[in-house]
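Protein chains: 6
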Amino acid sequence: MGTVPLLSDDAASPEARAVFDDIRARRQTDYVNNFWRALAHDPEQLRSVWERAQGVMAPGALDPLVKELVYVAVSTANGCAYCVHSHTAAARAKGMTPAMHAELLAVIAMAMQTNALATALGVEVDERFRA
Amino acid sequence: MGTVPLLSDDAASPEARAVFDDIRARRQTDYVNNFWRALAHDPEQLRSVWERAQGVMAPGALDPLVKELVYVAVSTANGCAYCVHSHTAAARAKGMTPAMHAELLAVIAMAMQTNALATALGVEVDERFRA
Amino acid sequence: MGTVPLLSDDAASPEARAVFDDIRARRQTDYVNNFWRALAHDPEQLRSVWERAQGVMAPGALDPLVKELVYVAVSTANGCAYCVHSHTAAARAKGMTPAMHAELLAVIAMAMQTNALATALGVEVDERFRA
Amino acid sequence: MGTVPLLSDDAASPEARAVFDDIRARRQTDYVNNFWRALAHDPEQLRSVWERAQGVMAPGALDPLVKELVYVAVSTANGCAYCVHSHTAAARAKGMTPAMHAELLAVIAMAMQTNALATALGVEVDERFRA
Amino acid sequence: MGTVPLLSDDAASPEARAVFDDIRARRQTDYVNNFWRALAHDPEQLRSVWERAQGVMAPGALDPLVKELVYVAVSTANGCAYCVHSHTAAARAKGMTPAMHAELLAVIAMAMQTNALATALGVEVDERFRA
Amino acid sequence: MGTVPLLSDDAASPEARAVFDDIRARRQTDYVNNFWRALAHDPEQLRSVWERAQGVMAPGALDPLVKELVYVAVSTANGCAYCVHSHTAAARAKGMTPAMHAELLAVIAMAMQTNALATALGVEVDERFRA
Chain H
1 MGTVPLLSDD
11 AASPEARAVF
21 DDIRARRQTD
31 YVNNFWRALA
41 HDPEQLRSVW
51 ERAQGVMAPG
61 ALDPLVKELV
71 YVAVSTANGC
81 AYCVHSHTAA
91 ARAKGMTPAM
101 HAELLAVIAM
111 AMQTNALATA
121 LGVEVDERFR
131 A
Chain C
1 MGTVPLLSDD
11 AASPEARAVF
21 DDIRARRQTD
31 YVNNFWRALA
41 HDPEQLRSVW
51 ERAQGVMAPG
61 ALDPLVKELV
71 YVAVSTANGC
81 AYCVHSHTAA
91 ARAKGMTPAM
101 HAELLAVIAM
111 AMQTNALATA
121 LGVEVDERFR
131 A
Chain E
1 MGTVPLLSDD
11 AASPEARAVF
21 DDIRARRQTD
31 YVNNFWRALA
41 HDPEQLRSVW
51 ERAQGVMAPG
61 ALDPLVKELV
71 YVAVSTANGC
81 AYCVHSHTAA
91 ARAKGMTPAM
101 HAELLAVIAM
111 AMQTNALATA
121 LGVEVDERFR
131 A
Chain W
1 MGTVPLLSDD
11 AASPEARAVF
21 DDIRARRQTD
31 YVNNFWRALA
41 HDPEQLRSVW
51 ERAQGVMAPG
61 ALDPLVKELV
71 YVAVSTANGC
81 AYCVHSHTAA
91 ARAKGMTPAM
101 HAELLAVIAM
111 AMQTNALATA
121 LGVEVDERFR
131 A
Chain U
1 MGTVPLLSDD
11 AASPEARAVF
21 DDIRARRQTD
31 YVNNFWRALA
41 HDPEQLRSVW
51 ERAQGVMAPG
61 ALDPLVKELV
71 YVAVSTANGC
81 AYCVHSHTAA
91 ARAKGMTPAM
101 HAELLAVIAM
111 AMQTNALATA
121 LGVEVDERFR
131 A
Chain A
1 MGTVPLLSDD
11 AASPEARAVF
21 DDIRARRQTD
31 YVNNFWRALA
41 HDPEQLRSVW
51 ERAQGVMAPG
61 ALDPLVKELV
71 YVAVSTANGC
81 AYCVHSHTAA
91 ARAKGMTPAM
101 HAELLAVIAM
111 AMQTNALATA
121 LGVEVDERFR
131 A
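Residue numbers (UniProt numbering), protein chains in the order written: chain H, 1 to 131; chain C, 1 to 131; chain E, 1 to 131; chain W, 1 to 131; chain U, 1 to 131; chain A, 1 to 131.
Just so you know, these hints were derived from the structure itself, not from any lab.
All figures in this text were calculated on a predicted structure; none of them were measured in a lab.
Mixed in with the good hints, there may be bad ones.
Treat identical chains as interchangeable: a pair holds within one or across any two.
As the list claims (entries may be wrong) - In silico lysine to aspartate or glutamate, DMTMM-like type, Cα no more than 25 Å apart, as pairs:
| id | residue 1 | residue 2 |
| --- | --- | --- |
| 1 | K94 | E127 |
| 2 | K94 | D63 |
| 3 | K94 | D21 |
| 4 | K94 | D30 |
| 5 | K94 | D126 |
| 6 | K94 | E124 |
| 7 | K94 | D10 |
Sequences and hints are given; from them, build the entire structure.
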């Protein structure tokens, strides 16, 4: 699979290589996963996405694990197998237990179901839900 | 809007009315929102969805607010305006602050973006992300 | 709403007007619904979509009501409010009872749920399901 | 692929194993497909989804084959490869002929197309389609 | 509609107001559309999205009109009515003629259709399409 | 993968084989890709989709490369891996450079993000965007 080849460290531009190095440093691992190696064809986009991800996923009003759960939820609804796999792994690395995973899936499945029911019934938004 | 009329208390069957009463009791409000009034045409489905929702959204390994955030995320990815409105309201009722809402939206937006990039690049799932 | 104005009979081109007349004749009603009036800005697309729809939705190996149920299912999954409304109305006109509507919604909701679970679990397709 | 390992009969809990046995008994086959083996990590969800599926897909106002066609339609719109494969196989087992499959695909494709046109044109729902 | 109120100039924070002013200056209009007024509750996200949009939509290897057409296509597939409306208007402002609009819709509709067919048929990617 | 077997030239009906020949002649290649070989089980649908694609993707008010970019955008939003791969290849064959590919992806990613923000915020369409 792949619409572009994955770039090895040697094949990547110096700009992309610098982002790979930052990924390694911040994650304390030598492994750079396929997403970043594919994105490296556009070093500016690579840097922009990586840096934004660092900011968005950092601890804040929501903790990083909650953010990963939300990420898995969106990726599931969008049917993105890559993102489901990578962010399920990330959620586990941040402490997601099997029980939390099971509940996450139950909520996602519940939401999918009521999304469809609300759409098929054409339910109008209640006045009190409007800001 | 609506592919079925919303059922008032008077128009609902006794079975549906019993679910309305349970909604009122558990939520400690007299208000029954449009989703349940539309679903009431199928009292069995109404009861089943309502009861499952009670179980799925209850405190467990994940707390109820986190579950609402996940619900909003799925509903957003699916483009379900009704569910986005109702579960954003529910999240607020369970304690979502404006700062949490802002971070939630930032994570959803980030996920949407990388979902698309991973798909457009056709990135293969890394062996290490497979269970 | 609308990214283009709906074309009245007077505003439509003769080619578009001819399709409107065909819609009226085949449906035995004077009413031309908004979808066709919006599509009429491109008379060739209007004719092509209308004619294809006549062929695809005609009785064949599947009966027209079953085809409408499938149409509602796709429109729901895609979150297309217009199509959900128009094809729910079409399904009723072709004999969909409230009980059939209720079962249709239950199947759609079930599918949405297991679609999400299969995706979130990253389940590999069984060999025996491959042709 | 897979965000969780598939559970063999030996690895599954007694509760999950009981559902596997029920699947075998009701389907009169020894084969338990991957979806259920992945879901078995959460035996309660496994039982709940399996039992609900039995109820929802049973003969009623709609016959079981029609329900499978609807299931394939939703799964296609959601881009769930697993569900498309498993429910296409199920539809065949319930009598879907190649001609029916071809017409199903034609209806799905038609719906996808007009869903997009209605959305891109922003067509407002006709008053007469509202309940 | 709206899960947050739209912020008027007076209600917006100085940081958000500064972005509103930049929008006015770059677009040479006094009008600030609803999207930015809703996003203004998170001034940092407002600035980040606005600035990124300026960069992404600027002339480059692709011209700005082509970028707007792509934007409309994505928004249509996602069923985002707001984005379909705002970017169809933007495309017109950048020179999209009715003939171009008609062809854009025809391509989107064609893609939707073959996307569904490829998914329903489970077509494997040809080796020669892999990078 | 595949819910139907791919049809070789020998296995295809004369009607399907005639379309294969037309594909070869118009594309000046001996290769017929998997999509058409899967669709060949329904020769009428095969011919209809192939001929429509020829018309829709032909030069017109938009040039063929722009149409391929739009096709990739829709296919990405729909998560159709097959279509992403085949139309990325087609875009390259029609002149898409790596710089154009990078900008295409940036626009798609931007649109995905703002689609989600507009939906999560429930932003109402501005009067001035309505036709």
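Given identical chains, is K94 near D10, meaning Cα to Cα at most 25 Å, within a copy, between copies, both, or neither? neither (31 Å within a copy, 30 Å between copies)
For K94 and D21, with the copy left unspecified, which applies at a CA distance of at most 25 Å: within, between, both, or neither? For K94 and D21, only the intra-copy Cα distance (21 Å) is at most 25 Å; the inter-copy one is 36 Å.
Have a look at K94 and D126 and pick one of within, between, both or neither, based on CA distance no larger than 25 Å. between (38 Å within a copy, 19 Å between copies)
Check K94 against D30 for me: Cα-Cα at most 25 Å, and say if that holds within a copy, between copies, both or neither. Within one copy, since 18 Å is at most 25 Å while 39 Å is not.
Evaluate K94 and E127 at a C-alpha cut-off of 25 Å and name the case that applies: within, between, both or neither. Between copies, since 19 Å is at most 25 Å while 39 Å is not.
Within a copy, between copies, both or neither: which one fits K94 and E124 at a CA-CA cutoff of 25 Å? For K94 and E124, only the inter-copy Cα distance (23 Å) is at most 25 Å; the intra-copy one is 39 Å.
Check K94 against D63 for me: Cα-Cα at most 25 Å, and say if that holds within a copy, between copies, both or neither. Both. Shortest intra-copy (10 Å) and inter-copy (17 Å) distances satisfy the 25 Å Cα cut-off.
The structure does not agree with numbered hint 7 stated previously, though it agrees with all others.
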